[in-house]
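J.: Residue numbers (my numbering), protein chains in the order written: chain A, 1 to 555; chain B, 1001 to 1440.
It should be emphasised that the hints constitute simulated quantities derived from the structure, not laboratory data. Do not rely on the hints blindly, as some may be mistaken.
[Claimed, not checked] These stretches of chain A come out as covered by chain B in the derived footprint (C-beta under 8 Å, 3 or more residues): (1) 222-229; (2) 311-323.
[As the list claims (entries may be wrong)] Ranges between beta-carbon positions, derived for each pair: (3) B:N1358 <-> A:G269: 41 to 49 Å; (4) B:R1245 <-> A:T88: 36 to 44 Å; (5) A:N131 <-> B:E1242: 33 to 41 Å.
[Claimed, not checked] For the chain A half of the interface with chain B, some residues (derived, Cβ under 8 Å), not all of them: (6) K219; (7) T445; (8) T457; (9) P512; (10) T516; (11) S523.
Values in this document were obtained by computation on a predicted structure and should not be read as measured data. For each residue, glycine too, the CB sits at the ideal point set by N, CA and C.
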Amino acid sequence: MGITQPDDLTAPDPSNLATAPPAVNRRSVLFGAGAAVIAATAAACAPAPAPTPAPTTTVPPTTVPPTTTSTLLPTTTTTQPGSAAGETAAQVLHIARRLSFGPTPALLGEIRAIGITAWIDQQLAWESIDNSSVDAILPSYPRSLMTATEISAGIEPWRTRQEMAAATIARAVWSKRQLHELLVDFWSNHLNIDINHDASTRHKPTDDRDIIRRYSTGKFADMLVASAKSPAMLLYLDQALSRADGGRLPIENYAREMLELHTVGVDGGYNEADVKEVAYLLSGWSVASRNDGGFQFRPQWHNMGPLATGGDVLGWRPNGLTGVAAGESLLIFLARHPKTATRLAHKLAVRFIGEHIHATDGVVTAAAQAYTANDTAIAPMVRSLLLSQEFRASAGRKMRRPVEYFAGVLRGVQLQWDPARATNVMNTAMGQLGLLGQVPLAWETPDGYPDNDARWTTAGAMVARWNLATLGSNGFGAPAPQFDTSRILGATAPSTVGEALDRAALAILGEPLEATTRAAILSASGQTNTTVWKSTSNGRAVIAYVLQTPQNQMR
Amino acid sequence: MNNESADINTPIDELDGAVAVPLLGSMDRRRFLTVSGVGATAIAATAYIRPSMFFGQAGAAVTSSATASGNIIVNIFLRGAADGLSFLSPLNDSTYQTLRPGVAIPDASALGVNNQFGLHPGAVRIKALLDAGQAAFVPAAGSPNNNRSHFSAQSMMDKGSSSDPTLSTGWLGRYFAATSGASEDALRGVSIGNGLQPSLRGSAAIATPNLQSLLLYSAGSGASSSQVQTALRAMYPAASNELLRAQGAAATDLVAEIAPIASSAAAPTGWPTGFGSALWPIAKLISAGYPVEIATADLGGWDEHDAMGSATDPTGNQYKLVAGLDTALGAFFDYIGSAASRTTVIITTEFGRRIAINGSGGTDHGRGMVMMVLGAGVNPGVHGAWPGLTDTENGDVKVVNDFRKVYAEVLGRRMRTTNLASVFPGFDTSQSNWLGVTTV
């Protein structure tokens, strides 16, 4: 265990020991190790691009891939360019933060080039966006591409949990379909299935791929019906075992959660008798087998119960339907129910705008109307929210949850995908998100991960975030070219420490550091704004500080 | 740049540069001990010496106002449904021996509790606690919720409820809510693991897998962790977001609070592995005088559907589970020394297992389990009604002792919680409903 003495304030990056000269004045060379290596790395791995003229008023190019995008921006510029559609830099940044897993220079360039509304519409039409980056990643997590049958036929089916978590994180970091990934996260938690629930693990990739991802901007009625037939859901909430034949009482678990969490909500107007009636209605909705296969209706277990003799659920009656047709009819009725429309619109508003939005606010009503007018279509509801004045005014209203912070760190340091490090990404995600309590797809209860800033912003969690920032400040140990400091600090060395900080802030945060934050970093480091940046200065420390700032906790 | 030393796969305590944060003269003390005159008097009897680092002044005697009682509860949850009949076996019970051939604890091997029950042969430290008057057992314990789902049973037990699906907080979270204002110290509640034990939901308790994770480190970045801490301490109070201002400041305080022990927080030689590693940070915090009121830890692996093994074979699966828990508990009580007189351990599980073994030498999901209360203030022996093994619920030990009776009594007696009704809504928490697991 390497305990550094308290007076050793400049423990150099161990990888730089071979090239960093001994520090003479330890206090004055806080950033005293690393720049030489940065320069050497840049020279070795790629021809150093010619210094890019600093853009001031022109829209920067957006077609340059991230590996070569220069983030060299002028120290003195405090205003970033706005969009081609006339939106301000601040509005562009708000979109990039709130509708992605973290702004990058490339993403900001995309939004600037076409304007906010066009970018949102492009993102909502996610199937048209190039997905080759994700296509290249998923084979490294093969169980994310498999069916339950295939997983069960192979070895070590338990690896599904880690691979699905890693695939989810990798998509958040590297997918160009950023808004789709955010909506997938939303619906995956709305129709939550804990991947650690033994019986559901092997079926979870199918649920994620064929239901959540597929319908995330489609019709909620379709998603709900598909979810009700999803083996992962049927097993998770015990519905697969529910039989009402021979006087048996059906299991109420799924019926209750579907009403309470998936559709009309706990104040939706149903009562305990309704829960029992729905449990009867859905009896026999089961699976072909525990470890493979799909939905199977077992008519011998089915019993319509009280609904067969005149009952109703919130006004819905079977009208002669039985079996699967009756259940589907009820699910579609509930998806179309006004309480469901308002509930979904409000939940989305809290996710994308903030906790200050109430269910009775006009922005929610308008989104619910868009949902209802389009027969439960999700995209019009989301679009209504994202183009609202309330959304536009909500910058700074949302904190990053752990997954958003973790993915944001990787996007912030512009780490590139490398299949050789797929296991490192997986283990890092499991370790760090385990520590922070948000391993993807692993929330135990059917209500999904909380969307509540206070839940995630605790003292212990802040320490874990700061340490995550330190570990992530070199891309979790990724070698060049996957991680390259010059993407953040510029291909040519900064002239001062202040300039290095400013470049890192623009690259990682998309905006300058707040004045107090900037002063705090310089002061704690024993530096000033004009301290000369030396060949021995440590770019990694600069990156780590920027990743730790309050600004980087926001989305 | 290629710095593999900072790879997450490297244990944190091996990372170069993981340094302890030195004392900061400017440390803001506002969040820490808030000793009022009344409180200080009331707790004088439990005053203890804290490490000197908090005031930068050697030997400062500090009393904790965190709790009027000065006492500590450690809540241990055995996840996966631990077999009650493998902790506490009925003696002279032919049903038990007949239904569990090869698995039942032989009467001759059981460690005696009283003339009706015996302990598992691997539970030697629990037996020693019993002999010292510090172990109470409640058989046939559990929840009215009978769906035999690990999932919902654990959830309800963590919530301290039998069925309320709208309850989002845990019973220990509501304990803190019911005693808010006593102290704002984040270390009043400590949950060891990769997330808050759900019983603590609704509180500001710290969740951490170990103490080292609360150490602010700067491996490889070139900045020292004291510099990082100084920077964070300056930048977070200016954050535009209110939560970040408050929790950022709390976190820098926490780092400073923990640093003096976290940097040297390796367990002593011979400390038990396994569950011991979860109890170690708790033992360290308590013995170092931190104002912990509630600590929690989980131990999984109890879902023994097959091959439980013989109760007299130390290599058997169930034996190893029992002995692993027992050994860790023994090390814990040994280490905390005199603080054991303030510390009460509650051990629970979501439900018990079927009386009869199945065809694979294991047991399936059952109902009644055994709760244990160990340490300070315990009324030793077996408490609550015992329905026996012939009057069953579908072949399972009946639940006749609601788990909340134990929780409520321990909070009421040990923590002197007066508003128990707010901790267990809808449950009769009056003393007449307690089982007598504690002494007055």
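J.: With reference to the structure, classify each hint as holding or not holding.
T.: So, going through the hints one by one against the coordinates:
Chain B is given as covering the region 222-229 of chain A, and this is violated because 0 residues of the stretch bring a CB closer than 8 Å to a CB of that chain, at least three being needed. Residues of the region 311-323 of chain A with a Cβ under 8 Å from some Cβ of chain B number 0, which does not satisfy the need for three, so the listed coverage is violated. For the pair B:N1358 and A:G269, the beta carbons lie near 44 Å from each other, so the given range of 41 to 49 Å is met. A C-beta distance of roughly 26 Å is found between B:R1245 and A:T88, which places it outside the suggested range of 36 to 44 Å.
Distance hint check: the CB atoms of A:N131 and B:E1242 are about 39 Å apart, consistent with the given range 33 to 41 Å. Restraint check, A:K219 versus chain B: the minimum CB separation of about 28 Å is more than 8 Å; hint violated. Evaluation of the A:T445 hint against chain B yields a held restraint, the C-beta minimum of about 6 Å falling below 8 Å. Hint status for A:T457 relative to chain B: holds, with the closest Cβ pair at about 4 Å, below 8 Å.
Given hint, A:P512 at the interface with chain B, is violated; its Cβ is 14 Å from that chain's nearest Cβ, farther than 8 Å. The interface hint given for A:T516 holds, since its Cβ lies 4 Å from the closest Cβ of chain B, which is under the 8 Å cut-off. The interface hint given for A:S523 is met, as the beta carbon of that residue sits about 7 Å from the closest beta carbon of chain B, less than 8 Å.
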